[in-house]
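Asks: Sequence:
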Amino acid sequence: MVNKEEINSSNFILRKAKIKDVKQIHALLMESAARGKLLARPLNQLYHHLREFVVVETEADKPIIACVALSITWSDSAEVRSLVVDESYQKLGLGRKLVEHCIKEAKEFELKRVFTLTYQVDFFNKLNFKEITKDQLPQKIWADCIHCPKFPECDETAMIFNL
1 MVNKEEINSS NFILRKAKIK DVKQIHALLM ESAARGKLLA RPLNQLYHHL REFVVVETEA
61 DKPIIACVAL SITWSDSAEV RSLVVDESYQ KLGLGRKLVE HCIKEAKEFE LKRVFTLTYQ
121 VDFFNKLNFK EITKDQLPQK IWADCIHCPK FPECDETAMI FNL
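Quick note: the sequence shown, position 36, residue 36 per my numbering, numbers continuous.
None of these hints come from the bench; they were simulated from the model. Quick caveat, the model's predicted, so the values are computed rather than measured. Cβ coordinates follow ideal geometry from the N, Cα and C atoms, glycine included. None of the hints are false.
Cross-link-like lysine-lysine pairs, in silico, BS3-like; alpha carbons within 27 Å at most:
(1) K20 to K37
(2) K18 to K97
(3) K104 to K16
(4) K126 to K112
(5) K18 to K104
(6) K97 to K126
(7) K20 to K97
(8) K134 to K37
(9) K18 to K62
(10) K62 to K104
(11) K62 to K97
(12) K97 to K130
(13) K97 to K107
(14) K126 to K37
(15) K18 to K37
(16) K20 to K104
(17) K16 to K126
(18) K130 to K104
(19) K97 to K112
(20) K91 to K23
Here are the in silico distance ranges between beta carbons for each label pair:
(21) S88 to K112: 32 to 42 Å
(22) E59 to K134: 31 to 41 Å
(23) L163 to Y47: 26 to 36 Å
(24) W74 to H48: 11 to 21 Å
(25) K18 to P42: 17 to 27 Å
(26) F109 to I132: 13 to 23 Å
(27) T133 to K18: 29 to 39 Å
(28) S88 to D135: 31 to 41 Å
All chains should be modelled from the sequences, with the hints used to inform the complete structure.
Replies: Here it is in structure tokens:
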């Protein structure tokens, strides 16, 4: 386990994802999906959406320990998705830093809101996301959710952060 003080050290690097990271990102996502923390994403989807991802590594060219994607869904909104922090590095503030990075990026794009579909309601509540109904996200539902094997019986919670 990593000490909380180490989070402030220069040992953690947050950067845009690169092609070489895709298989590590996929492994993180699949491990988290196996534990029921998020929905799995196919490897080919990660290549298609690589520009949306940022990752955290412990030092330059070391294993990826966390990731998140910010996916623009419409003219005024984006989705925080695929947020994962390796179990050994949880409770250190990395997830918070990744979501804050997404919010900052969404503001740079002059978006009005950031949303997520999640099983981690308490985590997003602490970041001031509010629960909403899924019907408030029609672009998301018809673009992505309709292709999900859990549709229309989705068990994730929709949450939003207004910018």
